[in-house]
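Quick note, the sequences are listed as chains E and A, same order.
Residue numbers are given in this note's numbering: position 208 of the first sequence equals residue 208, and the series is strictly consecutive.
Residue numbers are given in this note's numbering: position 232 of the second sequence equals residue 232, and the series is strictly consecutive.
FYI, nobody ran anything at the bench for these hints, they're computed from the structure.
Worth double-checking, as some hints may not be accurate.
To be verified - Part of the chain E face toward chain A, derived, beta carbon under 10 Å:
hint	residue
1	A19
2	S104
3	C138
As the list claims (entries may be wrong) - Rough simulated footprint, nothing fancy, chain A against chain E, three-plus residues with beta-carbon under 8 Å:
hint	stretch
4	129-136
5	161-167
6	196-202
To be verified - Here chain E is said to cover these stretches of chain A; the calculated rule only asks that three of the stretch's residues, wherever they fall, bring their Cβ under 8 Å from a Cβ of chain E:
hint	stretch
7	109-121
8	136-142
9	192-205
Think of the CB as a built atom: it goes at the ideal place given N, C-alpha and C, for glycine as much as any other residue.
Protein chains: 2
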Amino acid sequence: MKTIATPAGMQAWSRDRQADGKRIACVPTMGFLHDGHLSLVRRARELADGVVLTLFVNPTQFGPGEDFAAYPRDAARDLDLCRRHGVDAVFMPADESMYLPDHSIYIAEESLSGTLCGASRPGHFRGVCTVVAKLFNCVLPQVAVFGQKDAQQIAIIRRMVRDLNFPVEIAVAPTVREPDGLAMSSRNARLDADSRKSALGLSRALREAACAYAAGTRDSAAVLAQMRTTMERAGLRVDYAAAVDALTLKPVAALADGVLLAVAAFAGGVRLIDNQVL
Amino acid sequence: MKTIATPAGMQAWSRDRQADGKRIACVPTMGFLHDGHLSLVRRARELADGVVLTLFVNPTQFGPGEDFAAYPRDAARDLDLCRRHGVDAVFMPADESMYLPDHSIYIAEESLSGTLCGASRPGHFRGVCTVVAKLFNCVLPQVAVFGQKDAQQIAIIRRMVRDLNFPVEIAVAPTVREPDGLAMSSRNARLDADSRKSALGLSRALREAACAYAAGTRDSAAVLAQMRTTMERAGLRVDYAAAVDALTLKPVAALADGVLLAVAAFAGGVRLIDNQVL
């Protein structure tokens, strides 16, 4: 497995392989890898001849009061996991090789970014779009694999790929969960015992909503109110509970197949998200 | 020569050639080609095995009161010129294949775009960056050739390429002028006889400034005042006359080798620009 530190080195690695007709898949991550990430690697290996995992905690997608400094990091462990799971190259750029001091170009999405996580994290998706475009131009993949847990991110990145004509296919892998239902997230490492228990409120609220839908409930408002109650009872501070169209992220009044139920809540000081497509 | 109307068709054409190890050069234009554009094509042929000229009047770089509708167009003539000058493919997308009705992704440059043309054309360079990124992702060139006449555009596109890691080299070809000094521009076609005469004020002001510099003048303010006077006497309405660092576009108090003198002025209703590097 190759470890690559610079954009130019990464481009050269991919170009070499593509000159031999090889297909490259990219798995963008912020590191502190868990089974969710490793499921993306497995999917990437099915879709391409070479798998590049990117390991970069992107400063531009964190707001001033957010957890950039506290975001968990363990590069040695991440590299070991990559080695054992068949990653061909890890792109691990230094902050200063990704953002020069006079960096001044940003990519903004202006329709899907104001709602859900974007409403409470202004600038977050601008940072995400900017770094993903950079990673695409460094790795030059034919396909990139993202996790369903970040449903809004997927909608926005698909929009970016479409609107900027990136020659990259976007593949989505299902959310991987702990045995008790908690969606895997690097941020779970920051939960203390109480918050870890509260955190189950997110997946529980989604499961209950899916059951209500299966039982015939179609009224979004009623289902969302119940989801909020479930999360609050678990001890969570709710950021949002929403029922939206999975592509446009516009709220829907009536539940239907394909509708995205999405939640965000704070367990202790840790912000967690989860979602479920009906 | 191939004419290509869709982003997917363009990507396929370039990928085919690149699979054979061919190098592609892109010449982005808004059409109504003149000798300036054709000099870019010649430069592109020196730099690559295949030349793609793009022909697209980009709506997102025109402001509400600007000349998008009046911008001169003659696709038949442009295609004929391309054929006779060794262009291998013309990418000529329809507006609706470049911008879907719910297009929502824009690229903004936040340091170099507020000055010079950006000051009087808010949003212009956002449109330029967005469309150039799209064209790069459609044409997938190794190199793109731009004209020195659009000096601020070059600085901003270089910045975009650097900050988003586009694997594209930017080449610049000198401004081509009419025998009397007027910088070639598609917009010159919109000048009536009087305005055509006034338009000479731009290149005259730059020539005088270059002579003053050669004679030892270093005071920017004095030189810029003289440039304004020259343009006003020619009957132009001056938008700006500036002496700036060619990379940062920051004003310089003292003239020196490499400083960019840039002017913009209205001749009749037509906005013209020109520049000179000392």
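Comparing the hints with the structure gives:
1. A19: Hint on A19/E: holds, closest Cβ of chain A at ~8 Å, below 10 Å.
2. S104: holds, 4 Å
3. C138: This interface hint holds because 5 Å falls under the 10 Å limit.
4. 129-136: Satisfied; 4 residues make the cut.
5. 161-167: holds (count 6)
6. 196-202: The restraint on the stretch 196-202 of chain E is violated, since only 0 of its residues have a Cβ under 8 Å from chain A and three are required.
7. 109-121: It holds: at least three residues are needed, and the stretch 109-121 of chain A offers 4 whose Cβ sits within less than 8 Å of chain E.
8. 136-142: That given contact holds, which follows from 3 residues of the stretch 136-142 of chain A lying within Cβ reach (below 8 Å) of chain E.
9. 192-205: Three-residue rule not met by the stretch 192-205 of chain A, so violated; n is 0.
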